[in-house]
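A.B. asks: Use the sequences and the hints to build the structure in full.
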Amino acid sequence: MKIAKYVLVAACSAVVLIGCGGKEEKKKEGFSYDKKTEVVKAVETNPNDVVITGNDAMQFNKKEIRVKAGQKVKITLKHIGKMDKNVMGHNFVLLKQGVNVATFGNSAAVAKATDYIPADSQDVIAHTGIVGAGETVTVEFDAPAVGTYDFLCSFPGHYAMMKGKFIVE
Numbered sequence: 001m002k003i004a005k006y007v008l009v010a011a012c013s014a015v016v017l018i019g020c021g022g023k024e025e026k027k028k029e030g031f032s033y034d035k036k037t038e039v040v041k042a043v044e045t046n047p048n049d050v051v052i053t054g055n056d057a058m059q060f061n062k063k064e065i066r067v068k069a070g071q072k073v074k075i076t077l078k079h080i081g082k083m084d085k086n087v088m089g090h091n092f093v094l095l096k097q098g099v100n101v102a103t104f105g106n107s108a109a110v111a112k113a114t115d116y117i118p119a120d121s122q123d124v125i126a127h128t129g130i131v132g133a134g135e136t137v138t139v140e141f142d143a144p145a146v147g148t149y150d151f152l153c154s155f156p157g158h159y160a161m162m163k164g165k166f167i168v169e
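Counted from 1, the sequence shown has number 128 at position 128 by UniProt numbering; the numbering is strictly sequential.
Hints should not be assumed to be uniformly reliable.
Below are the DSBU-like pairs computed for lysine-lysine, each with C-alpha atoms no more than 30 Å apart in a straight line [stated by the list, open to error]:
(1) K82 x K68
(2) K62 x K72
(3) K112 x K96
(4) K78 x K63
(5) K74 x K165
(6) K78 x K96
(7) K163 x K112
(8) K62 x K82
(9) K96 x K68
(10) K72 x K112
(11) K165 x K72
(12) K72 x K85
Calculated from the structure, these hints are not laboratory results.
C.D. replies: Right under this line is the structure:
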């Protein structure tokens, strides 16, 4: 009986190993597996068209954005997490030079009615609305003067982790 079990296990293992290996993957004619790369290259040709993502771990995928001065800037924010915008909402806020991120973030935290942008704020160059899981939002604006600016998510408490530098060259 023991020998039969060993033979049965060995036979099953051999079938699994033979079935999983040795086959060459066939590619369809006329189909390119590299098209995704081409799309990324097309987007990268215009440095002022920027896609940034936010996730459920309160992180942007970029800590630095570089754009060219004197041109239109298009920022697209994609929420790649699974949480609703009432729980883990994100936005993109570009601040004027010299604005303190923490001070702005604290005042924005109580401005729910205006998507966490203080209604009387003169500190913002551009911003998006709040997005939640799977949502995307875009904002277009003229690039500010050459220099370094701060960007952040102004959803309550997010500015501590979701921030970066916006560099105009």
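A.B. asks: Now tell me if each hint is right for this structure.
C.D. replies: Evaluated hints:
no., hint, in the structure
1, K82 x K68, "33 Å, violated"
2, K62 x K72, "20 Å, holds"
3, K112 x K96, "21 Å, holds"
4, K78 x K63, "15 Å, holds"
5, K74 x K165, "16 Å, holds"
6, K78 x K96, "23 Å, holds"
7, K163 x K112, "19 Å, holds"
8, K62 x K82, "19 Å, holds"
9, K96 x K68, "17 Å, holds"
10, K72 x K112, "29 Å, holds"
11, K165 x K72, "18 Å, holds"
12, K72 x K85, "28 Å, holds"
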